[in-house]
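Chain by chain, the residues run as shown.
There are 2 protein chains.
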Amino acid sequence: MNKVRIIGTGKYLPKRVVLSEEIEERMGIEKGWSLAKSGVAKRHFVEDETCAYMGARALEQALENANLKYEDLDAIIGASGSYDYPIPYNSCLIQRELGKIDSGTPCWDIDSTCLSFVTALDVVSYLIEAGKYNTVAIVTSEISSKSLNYKERESATLLGDGAAAVIVRKSKEDEESKIIASDMETYSKGALLTVVKGGGNFLHPNDPNSKPEDFTFHMEGREILGIAFEKLPNFFEKLFKKAGFPVKDIDLMIPHQASKVGLEMAKQYLGLSDKQFMVNIETHGNCIAASIPMALHDAIEQKRMKRGDKICLIGTAAGLSIGGLIFIY
Amino acid sequence: MNKVRIIGTGKYLPKRVVLSEEIEERMGIEKGWSLAKSGVAKRHFVEDETCAYMGARALEQALENANLKYEDLDAIIGASGSYDYPIPYNSCLIQRELGKIDSGTPCWDIDSTCLSFVTALDVVSYLIEAGKYNTVAIVTSEISSKSLNYKERESATLLGDGAAAVIVRKSKEDEESKIIASDMETYSKGALLTVVKGGGNFLHPNDPNSKPEDFTFHMEGREILGIAFEKLPNFFEKLFKKAGFPVKDIDLMIPHQASKVGLEMAKQYLGLSDKQFMVNIETHGNCIAASIPMALHDAIEQKRMKRGDKICLIGTAAGLSIGGLIFIY
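Quick mapping for you: the protein sequence lines, in order, are chains L and X. To convert a position in the first sequence, counted from 1, into my numbering, add 970. To convert a position in the second sequence, counted from 1, into my numbering, add 970.
Hints were generated in silico from the structure; no laboratory data involved. Treat each hint with caution, since some may be false.
If several chains are the same, the list does not tell them apart, and a pair holds so long as it fits within one copy or across any two.
Calculated lysine-lysine pairs in the DSS-like style (CA-CA distance at most 27 angstroms, straight line) [stated by the list, open to error]:
1. K1276 <-> K1201
2. K1148 <-> K973
3. K1276 <-> K1148
4. K1140 <-> K973
5. K1276 <-> K1237
6. K1280 <-> K1140
7. K1121 <-> K1201
8. K1102 <-> K1211
9. K1201 <-> K1230
10. K1212 <-> K973
11. K1218 <-> K1245
12. K1211 <-> K1237
13. K1102 <-> K1201
14. K1181 <-> K1116
From a predicted model like this one, the values you see are computed outputs, not experimental measurements.
With the hints as constraints, model all of the structure from the sequences given.
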């Protein structure tokens, strides 16, 4: 029961809005397919924005909402599945983008693809509870648009770009904010069901055998859902047993916006109402690890969650991993 | 003072040994330059090995040395600066390589480039101290050879490939093993002094403006040393103040094998003897984040450290970050 509190959030969406029609036209698929199948009417794609730029803007907003300045941060944790450069990592580039180039603020990254934010929040809560840090920014910033395969409907109509930042600090004596339960499981039988095959050492960009398509997303949605729904019942049971209350008592479930079908199956299986289940896939697409903290930001802005509420973050990630975290806001 | 204990280590070096002569010949530079300037006589380069393959072999050895089986692990933490695939992350691929594809063992990665292992050991110690995990494998597996720029002597003669795994668990009542002090600082004014510019979203592999050279390492050694030695005196002072003893009392310092000049400057500045200062750059090269845990493994195998000894891990990383950790072995 790590006593940490989310004290500010921020979000950045790229300037360019891309309607599904534009993608459908480019791909030569029927109008309305994206919304019907992927659940996405529009998403944002970067023009000149980088992961660092988007992350920095989201963090500025989070600092403002928390009424803090950069110097109040004890660490910046990058928590993304995509990146600007293979080397170095995201969070140091976010520090640089903020102009705090000689601040010394420790920066390091956590990666569990789409679950990176959830993993980071969980890990950071231990570091705060133990007194290593007091105030930490977790920044997730994702660009999927440069790696879309316009021959693959399933992913090309689904993915979007965006960033979110969440500032966490130790709860004060009279604050009830805390993490109640968290868990993660990785089943690598699904490791290559979501993959960008080329770009690393397996298939280097300079490998003469590589093709442009190798540097793009590939997803096997049906197989992912198969493993997810094989494992989720037991995962939920364990997670809510730790939390000590039934899933129906959750005030707000914020799932990774993995896919329309996945979201619908999860909501139905869990027996949750629309009010209890946060969805923004229609206007944002699946923004890799940024989906959950962006939805968290929106939920706070839209007053769909208030202090004292029981909130659950949940998702699957390339890995294939399942992760969840329940906290009192 | 997190009471954790390293109970097993493993190491994997690629089958292919590459003498400096081979690289000097390829680059058309004078024989002996690599050893004289970079400090490297030979290093290993992968043939068919992947990061996951090397990491899995190192982890198998670490499990054997710890007298454990895979099922004893509560988590696998990947801690590398390089990777097989842009998506998914390293540790799930290591689980897959071990054939434990339906085990559910949580896998996630930490990245702070060359400091990834040090950051991971520090973070994991908090998770173990708090009881989240009992036994954790940290696996670092690096391939630099596919990203060498043979027009740049400084990096092409310096870097190598290799992997190491370290298993950590909670110390028993009668064991004195523990982390005494740790710290990290990031100065992003040096963020692009060590860089692989292309391959991510800044310069995507499919970007028509990208050139093969963009997907290779670039280092500005002199500028890196400049920042490192501007910041290290104060960093060391703070770190050893936390530890509560002077640097001369350290039993073994295991530095990142960043470069010959860096190692020599550090040893001299700190006033340490050869016996107190672990160097393997001549036979391994700089293996990104794997250098420190490989040297740790070697130090244990060569009986250069024994239970109760005070050990310091220290290094700089692309970021530019400085990190250090002092523990009782």
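Hints and how they fare:
1. Taking CA atoms no more than 27 angstroms apart as the test, K1276 paired with K1201 passes in neither setting, with 31 angstroms inside one copy and 44 angstroms between copies.
2. For the identical chains of this complex, K1148 and K973 are neighbours both inside a copy (4 angstroms) and across copies (25 angstroms), given an alpha-carbon limit of 27 angstroms.
3. With identical chains, the CA atoms of K1276 and K1148 are at most 27 angstroms apart within one copy only, with a shortest distance of 14 angstroms there and 41 angstroms across copies.
4. Taking identical chains as interchangeable, the C-alpha atoms of K1140 and K973 lie at most 27 angstroms apart whether they share a chain (6 angstroms) or sit on different chains (23 angstroms).
5. Taking CA atoms no more than 27 angstroms apart as the test, K1276 paired with K1237 passes inside one copy only; the shortest distance there is 21 angstroms, against 55 angstroms between copies.
6. When the C-alpha separation of K1280 and K1140 is checked against a cutoff of 27 angstroms, the pair qualifies only within one copy, where the shortest distance is 18 angstroms, while the shortest distance between copies is 32 angstroms.
7. In this assembly of identical chains, the alpha carbons of K1121 and K1201 never lie at most 27 angstroms apart, being 30 angstroms within a copy and 50 angstroms across copies at closest.
8. Taking identical chains as interchangeable, the C-alpha atoms of K1102 and K1211 lie at most 27 angstroms apart only when they sit on different chains, with a minimum of 16 angstroms there against 29 angstroms within one chain.
9. For a Cα distance limit of 27 angstroms, the shortest separation of K1201 from K1230 inside one copy, 19 angstroms, qualifies, whereas the shortest one across copies, 50 angstroms, does not.
10. Taking the shortest Cα distances, K1212 and K973 sit within 27 angstroms of each other both inside one copy (16 angstroms) and across copies (25 angstroms).
11. For the identical chains of this complex, K1218 and K1245 are intra-copy neighbours only, at 12 angstroms inside a copy versus 62 angstroms across copies, given an alpha-carbon limit of 27 angstroms.
12. For the homomeric pair K1211 and K1237, the shortest alpha-carbon distance inside one copy (19 angstroms) is at most 27 angstroms, but the shortest distance between copies (53 angstroms) is not.
13. Within a single copy, K1102 and K1201 get their C-alpha atoms only as close as 34 angstroms, which misses the 27 angstroms cut-off; across copies the closest is 21 angstroms, which meets it.
14. Taking the closest pair of Cα atoms, K1181 and K1116 come within 27 angstroms of each other both inside a single copy (15 angstroms) and across two copies (17 angstroms).
Hints 1 and 7, counting from the list given before, are not met by this structure.
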